[in-house]
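As given, the protein sequences belong to chains A and B, one line each in that order.
With positions in the first sequence counted from 1, the corresponding number in my numbering is that position plus 16.
With positions in the second sequence counted from 1, the corresponding number in my numbering is that position plus 16.
Any given hint could be a false lead.
Since the list can't tell identical chains apart, any single copy or any two copies may satisfy a pair.
As the list claims (entries may be wrong) - The calculated lysine-lysine pairs, modelled on DSS-like cross-linking and capped at a C-alpha distance of 30 Å, are:
id, residue 1, residue 2
1, K72, K109
2, K234, K252
3, K195, K251
4, K61, K234
5, K251, K220
6, K109, K221
7, K255, K161
8, K96, K61
Derived by calculation from the structure, the hints in this document are not laboratory data.
Number of protein chains: 2
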Amino acid sequence: MLGSNVPGNLNPHVSVDCVVFGFEFGKLDILLIERNMRFEGTEFKDLKLPGDLVRKDEDLDTAASRVLRELTGLDNIYLKQYSAIGSPGRLLKEPRDMVWLKSIGHPEEIVVTIAYYSLINIDQDNSASFTLQSNARWYPVSEVKELAFDHLAIVQQALHVLRTDLRVQPIAFELLPPKFTLRQLQQLYEVILGSSLDKRNFRKKVSNMPYVVPINEKQVDVSHKPARYYSFNRKKYQKTNKDSF
Amino acid sequence: MLGSNVPGNLNPHVSVDCVVFGFEFGKLDILLIERNMRFEGTEFKDLKLPGDLVRKDEDLDTAASRVLRELTGLDNIYLKQYSAIGSPGRLLKEPRDMVWLKSIGHPEEIVVTIAYYSLINIDQDNSASFTLQSNARWYPVSEVKELAFDHLAIVQQALHVLRTDLRVQPIAFELLPPKFTLRQLQQLYEVILGSSLDKRNFRKKVSNMPYVVPINEKQVDVSHKPARYYSFNRKKYQKTNKDSF
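Same shape as in the complex, but just chain A:
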């Protein structure tokens, strides 16, 4: 068991990769880095996840926070570790990936990567409050079909975890403003789940969430019938959560 310090043991570098979701009413984006390279005599461009090798004396979570800070200038973003990936050969599926790794002096042996996902409300934490690293841009999740290395699989897994978490954690309310309409709440679910929901069913389900509380205030200055505002009651959420199973 543990202790067999033979040369056959894995001794990799470790990286963190961050799937940064950006939420705006109406769409879900992801933050990607453009990779420019020459491969077989031709210029080649593609996209990859933001990430970096973990440094000695650095905790995994610290490394992920550092990558996010360097990328966006933001601290204290919601950040969750959700997977470790270490399949042999995971970086070497495409010959161009090998060429690129060599060109940047990257260790060629296996890299175990620890995947994190993060959520940013683009509306609230808007461009005034954060500056993207020059080669980073937002792309609609639904349009991302190909990425470097195994990054597409890492994104798909993040999306799966995010959708599950949406059901069991108060993520929705971290992305909404302090007061929100039921229409906004439904839009948020639809954007993250990637499918439209029946309005009547949705409202029925929300009525079973005692922590979504109507407040005595309505929209103003809207062209349609002003909707009531709701707020999220964290105490009630914790109580409900504790009682449920």
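Add chain B to chain A, keeping to what the hints say.
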């Protein structure tokens, strides 16, 4: 960003640690390994999680399956990766841990560990079907107060993840026999959640689970009033799950 192949990058060994939960009606156990050592001239015994270093050319999940197979003789047990832990110094909090690592020829530098939890139904997969490695034994989760290294924190995190998963995945039904009574279902929830549940509330909640289906069969040869059997309908579960958010 990625590519800074400087000596300051982490280059650890990687291990897997397995939190193996054993479920029996009435209690939740965990499989632990006894560690015997001499420390400061005295015999010292304590407990640790089963685990091993990951081998070269071995996938992380493969390594965890191997540890479980060596430990129990069982293949195809429910096994879920839930965390990667790589805090500097995580193995070196207790001087005796350092002494022990040295004694077994373990690399002294940092080891990043990938934590898995696993579920075994002790009643069903009983001693006839599996043989525990000689130094492994079941211990009631509620009585585990101290473990080697940071293993107690790893167990506590596993328990937290298991309890969350119980709410969003059909774990309960993997642990129950194909037909079960509502009393058995409640016991299972109580054992995993570590608290007792109100019977009326519980039955009300179960009545909102269209995938828990009464069958036309009752207990026989019981001293109390025979209870109806239920079964788990996976198709209905998948449909309900898909419709919910």
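> For this structure, which hints from the list above don't hold up?
Replying inline: 4 and 6
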